[in-house]
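Protein chains: 2
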Amino acid sequence: MKIAVLGTGMVGDTIGSRLIELGHEVKMGSRTADNEKARAFVAKHERNASAGTFADAAAFGEIIFNCTAGAASVDALKMAGEANVAGKIAVDIANPLDFSNGMPPSLIPALSNTHSLGEEIQKTFPATKVVKTLNTMWCGLMVNPAMVGGGDHTNFICGNDAEAKQQVKALLNEFGWKNENILDLGDISSARGTEAVLPVWLRIWNATQNGAFNFKVVS
Amino acid sequence: MKIAVLGTGMVGDTIGSRLIELGHEVKMGSRTADNEKARAFVAKHERNASAGTFADAAAFGEIIFNCTAGAASVDALKMAGEANVAGKIAVDIANPLDFSNGMPPSLIPALSNTHSLGEEIQKTFPATKVVKTLNTMWCGLMVNPAMVGGGDHTNFICGNDAEAKQQVKALLNEFGWKNENILDLGDISSARGTEAVLPVWLRIWNATQNGAFNFKVVS
Numbered sequence: 004m005k006i007a008v009l010g011t012g013m014v015g016d017t018i019g020s021r022l023i024e025l026g027h028e029v030k031m032g033s034r035t036a037d038n039e040k041a042r043a044f045v046a047k048h049e050r051n052a053s054a055g056t057f058a059d060a061a062a063f064g065e066i067i068f069n070c071t072a073g074a075a076s077v078d079a080l081k082m083a084g085e086a087n088v089a090g091k092i093a094v095d096i097a098n099p100l101d102f103s104n105g106m107p108p109s110l111i112p113a114l115s116n117t118h119s120l121g122e123e124i125q126k127t128f129p130a131t132k133v134v135k136t137l138n139t140m141w142c143g144l145m146v147n148p149a150m151v152g153g154g155d156h157t158n159f160i161c162g163n164d165a166e167a168k169q170q171v172k173a174l175l176n177e178f179g180w181k182n183e184n185i186l187d188l189g190d191i192s193s194a195r196g197t198e199a200v201l202p203v204w205l206r207i208w209n210a211t212q213n214g215a216f217n218f219k220v221v222s
Numbered sequence: 004m005k006i007a008v009l010g011t012g013m014v015g016d017t018i019g020s021r022l023i024e025l026g027h028e029v030k031m032g033s034r035t036a037d038n039e040k041a042r043a044f045v046a047k048h049e050r051n052a053s054a055g056t057f058a059d060a061a062a063f064g065e066i067i068f069n070c071t072a073g074a075a076s077v078d079a080l081k082m083a084g085e086a087n088v089a090g091k092i093a094v095d096i097a098n099p100l101d102f103s104n105g106m107p108p109s110l111i112p113a114l115s116n117t118h119s120l121g122e123e124i125q126k127t128f129p130a131t132k133v134v135k136t137l138n139t140m141w142c143g144l145m146v147n148p149a150m151v152g153g154g155d156h157t158n159f160i161c162g163n164d165a166e167a168k169q170q171v172k173a174l175l176n177e178f179g180w181k182n183e184n185i186l187d188l189g190d191i192s193s194a195r196g197t198e199a200v201l202p203v204w205l206r207i208w209n210a211t212q213n214g215a216f217n218f219k220v221v222s
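Quick note, the sequences are listed as chains A and B, same order.
Just so we're on the same page, this note's numbering is the position in the first sequence counted from 1, plus 3.
Just so we're on the same page, this note's numbering is the position in the second sequence counted from 1, plus 3.
Warning: the hint list may mix true and false statements.
It does not matter which identical chain is meant; a pair holds if it fits inside one copy or across any two.
[As the list claims (entries may be wrong)] Using 25 Å as the maximum straight-line C-alpha spacing, the simulated DMTMM-like pairs for lysine to aspartate or glutamate come out as follows:
(1) K126 to D16
(2) K5 to E49
(3) K40 to D164
(4) K91 to D101
(5) K47 to D155
(6) K181 to E39
(7) K172 to E24
(8) K40 to E166
(9) K47 to D187
(10) K126 to D187
(11) K126 to D37
(12) K47 to E166
(13) K5 to E65
(14) K172 to E28
(15) K91 to D78
(16) K81 to E177
(17) K91 to E65
Rather than coming from a laboratory, the hints here were simulated on the basis of the structure.
The following block holds chain A by itself, in its conformation from the complex:
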């Protein structure tokens, strides 16, 4: 599958590299066509990796992973161009972190509590099928859940389009997620819940000095 990865940070690199390992073709998108980290991403893969602007990547991808910083995600998708994202699935992995109050970050007030980044993206691009998932864990675990607890921990998913969620689940299965560990929380408004996991996630990370953990819903 041709996949766009928007964002050149650790999350974009990890997601893009895993998708290539699984046989997909990835175009990494960034603000400019000659982004240094995107060039490094392309250089380290023998095949199936390319780079370009957000618009280049979105035009290329049959499905789009949003791996940009949450504060910049809506702008990045606007640069990608509404026509390039319309009708496609956008897998939103970003979190609306606000670093303006020091560490650990809080959530951007306008994109939390009674709203969310996932909803804001869906509202801004109504013809795009936004699926929120994977945003509650460190990127190493996103693409390799077996790294801890035998993979037996929970990944949340939400979005308005049931068929889009099914397609994303199939990709999650490729990453190693078992269906019984993927918990569908309903429509995209549940991003208010999953994005709000970050404040406790960051404090667990700080207390344990280990980011390679995830939550398992035990019932």
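Please arrange chain B on chain A, whose structure you already have, making use of the hints.
Below, chain B without anything else, positioned relative to chain A:
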């Protein structure tokens, strides 16, 4: 031990009943001395249960459990009286839920994200040792963790006073919590993290139609 339970709802009743079962003496406090639910609580226990105003209960307790609704907690503690809570441990189980935007509730803006109910209580009563714990799960599990997953799931704790946290951990042990499942997140500002669990908790509850679940940190 003589323990005050502030609040006559399901959480207060569950915590108070379990404490009595464990041999403690409980006085349930409410806004008025003749609260109907507090009377029912007293009536169903053969011994060690009594009721009164918030002030009566706080004066009685060597340790105080705040089981009031989060929006009313600071006022309840003010009614309890600063002199009655000074120098004591206040175990804060409440969450600052805001029902004004419909269901599921969001968090009270002034008590979330860059602040928390736990911190507000600590700030309002600086001579009280506020310990936040148990607020991330259904009350049935608070006092009986073995009900799911053999008790192997995570209860967070935070607060500024290390000795107070140790005393609360000893009570948690009585409830059935093993030390390896009690995760200390540091000072009371970590209440910003644990109170922010509620938005995803409520959505998991809605999606699964089962409130008898908890999170386990898997690493």
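Against the structure, the hints come out as follows:
1. K126 to D16: Answer is neither; intra-copy 27 Å and inter-copy 43 Å both fail.
2. K5 to E49: within (16 Å within a copy, 69 Å between copies)
3. K40 to D164: For K40 and D164, the Cα distance exceeds 25 Å both inside one copy (33 Å) and across copies (45 Å).
4. K91 to D101: neither (28 Å within a copy, 35 Å between copies)
5. K47 to D155: Neither. Shortest intra-copy (31 Å) and inter-copy (42 Å) distances fail the 25 Å Cα cut-off.
6. K181 to E39: neither (35 Å within a copy, 49 Å between copies)
7. K172 to E24: Within one copy only: 18 Å inside, 46 Å across.
8. K40 to E166: neither (33 Å within a copy, 48 Å between copies)
9. K47 to D187: neither (35 Å within a copy, 41 Å between copies)
10. K126 to D187: within (20 Å within a copy, 39 Å between copies)
11. K126 to D37: neither (30 Å within a copy, 51 Å between copies)
12. K47 to E166: neither (34 Å within a copy, 52 Å between copies)
13. K5 to E65: within (5 Å within a copy, 64 Å between copies)
14. K172 to E28: within (18 Å within a copy, 52 Å between copies)
15. K91 to D78: Within. Shortest intra-copy distance 18 Å satisfies the 25 Å Cα cut-off; inter-copy 50 Å does not.
16. K81 to E177: Answer is neither; intra-copy 29 Å and inter-copy 55 Å both fail.
17. K91 to E65: within (6 Å within a copy, 60 Å between copies)
Violation of the numbered hints given earlier is confined to hints 1, 3, 4, 5, 6, 8, 9, 11, 12, 16; the remaining hints are satisfied by the structure.
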